[in-house]
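Enquirer: Residues per chain are reported as follows:
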Amino acid sequence: MKTDVSSKKVGTGKSRSYQTQAIIIKQTKLGEVDKIVTIYTPEFGKLKAVAKGACRPGSKLGGNVEPLTHSLMMLARGRNLDIITQSQTIDVFPALKNDLWRTSCGFYILELIDSFTVENSENHPLFDLLLDTLHRLCQDDNSETILRYFELHLLNYLGYRPQLRECVICDSPVKPTVNFFNPDRGGILCPGCGQEQPGSRPLSVDALKILRLWQSCDYTTARRVKLGAELRFELEQVMQEYIKYLLQREVKSISWLEELKKKGYLSMSMKIS
Amino acid sequence: MIVAEPVAKLVEAFNKLPGIGPKSAQRLAYYLLRSPDEEAKALAEAILTLKERIRLCSICFNITDCEPCLICQDKERDYSKICVVERPSDIPPLERTGKYKGVYHVLHGTINPAQGIGSAELKIKELSSRLQDGSVKEVILATNPNLEGETTAMYLRRIILPLGICISRLARGLPFGSDLEYADDMTLGQAIEDRREF
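So the protein sequences, as listed, match chains U and F.
Under the numbering used here, the first residue of the first sequence is numbered 1, with each subsequent residue one higher.
Under the numbering used here, the first residue of the second sequence is numbered 1, with each subsequent residue one higher.
Because the hints were derived from the structure by calculation, they are not lab data.
All C-beta atoms, glycine included, are put in the ideal place defined by N, C-alpha and C.
Do not take every clue at face value.
Quick list of simulated restraints, FRET-style, between CB atoms [said to hold, decoys possible]: (1) Glu32/U / Glu39/F: 24 to 34 Å; (2) Gln21/U / Pro92/F: 33 to 43 Å; (3) Pro18/F / Tyr18/U: 56 to 66 Å; (4) Lys75/F / Gly58/U: 57 to 67 Å; (5) Glu39/F / Gln240/U: 53 to 63 Å; (6) Glu5/F / Glu236/U: 52 to 62 Å; (7) Gly58/U / Pro92/F: 52 to 62 Å; (8) Thr28/U / Cys166/F: 27 to 37 Å; (9) Lys262/U / Lys9/F: 47 to 57 Å; (10) Glu258/U / Gln132/F: 23 to 33 Å; (11) Lys99/F / Leu231/U: 35 to 45 Å; (12) Asp218/U / Arg172/F: 32 to 42 Å.
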């Protein structure tokens, strides 16, 4: 069977195996001992590949294909799914995995990447954003800023960047007053247009300013912004509403993050009022 | 219809089982057709009793045919230790080691935010009510050493910690017959940290 696969691929001019960096998004069991691993790569975007024997104790792949791991992988082209032949860990993000809140934020990020991307669609900046965000979650205590910054830039790289400069209906520049955000229109509405448009929600001047800034600045600048509890909540609501509209469903990890927040199970150093 | 209906029905039923395709299902059905009556009846009965008599133990939520389960009613066992596992199928391998004499608690799953499985879907409330009376001295978290298992363990730790009960986690290290060269960083790091005198 294996020779059959390779002979098929010879005609396409592609080599039988290739190497790539990968961040593991999720894994599902395939049969008794194999796993289907969903990975995000810089060159090929999202991919699904088979890790043979990964459930066996002592498997060479086992721990190297756990979600939230940055690895260097060797893959062999298969008929349907490619097969992971080797995987060497580059970073396991121990600071992230040893903390309940950070791990849960990691789950949320992976779910967003998985829901928004399609297979075999290259997006190098998105890979860099994902990797940087995971590193930030390890080092930085400001999880809210990390998540919002990630969401905004994820939307940037996927073509869903919300329009925040001019009213998306009447094109007039927005004034420093309470404006409206409309997920359906993908951006800001001036007070006049916003009140008539169903599905709009009021957006405070501060929230608008921060969204505008974060949309185009680097992370070092973004993390300098100090947020009050109210503003943090508003930003979270706006982004989650927009994301829910784009995906046309709830992001499942949100309810878990909410549960942890309600119980106060955040990192010792992360305090959210 | 080419195949008689009872056979077709059985083939269809077998086909629904995990890992059994249409061909294997057919083979099994024809095997039963040829086999003696007693054998087929015994199988049918086994399946029926499985569904009739098996339920969850009201204490540990292991699958059982008596109430409470054999482990929970065993007077020889140490009730001050509870080993928390993900699934009922995790108990037999732990029992085979012969090293553990405490009792168990089955969660029936792990926390998996991406699939919408939170603490409410698991037997976590039931675990904390078992810990309230102060008779339990140690909780051993034996969830699987993967991301979901670790998340569940970290969550349980947060819940149990205020009760002042000793919490332990199954040791993580290198499996017998493995190779250092291919071990992942997380396991190898843990193995070095938790090394013991030899």
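Enquirer: Does each hint fit the structure? Answer for all of them.
Expert: Going through the hints against the structure:
| no. | hint | in the structure |
| --- | --- | --- |
| 1 | Glu32/U / Glu39/F: 24 to 34 Å | holds, 26 Å |
| 2 | Gln21/U / Pro92/F: 33 to 43 Å | holds, 40 Å |
| 3 | Pro18/F / Tyr18/U: 56 to 66 Å | violated, 33 Å |
| 4 | Lys75/F / Gly58/U: 57 to 67 Å | violated, 38 Å |
| 5 | Glu39/F / Gln240/U: 53 to 63 Å | holds, 58 Å |
| 6 | Glu5/F / Glu236/U: 52 to 62 Å | holds, 58 Å |
| 7 | Gly58/U / Pro92/F: 52 to 62 Å | violated, 20 Å |
| 8 | Thr28/U / Cys166/F: 27 to 37 Å | holds, 35 Å |
| 9 | Lys262/U / Lys9/F: 47 to 57 Å | holds, 50 Å |
| 10 | Glu258/U / Gln132/F: 23 to 33 Å | holds, 26 Å |
| 11 | Lys99/F / Leu231/U: 35 to 45 Å | violated, 54 Å |
| 12 | Asp218/U / Arg172/F: 32 to 42 Å | holds, 38 Å |
Checked against the numbered hints given earlier, this structure breaks hints 3, 4, 7, 11; the rest are met.
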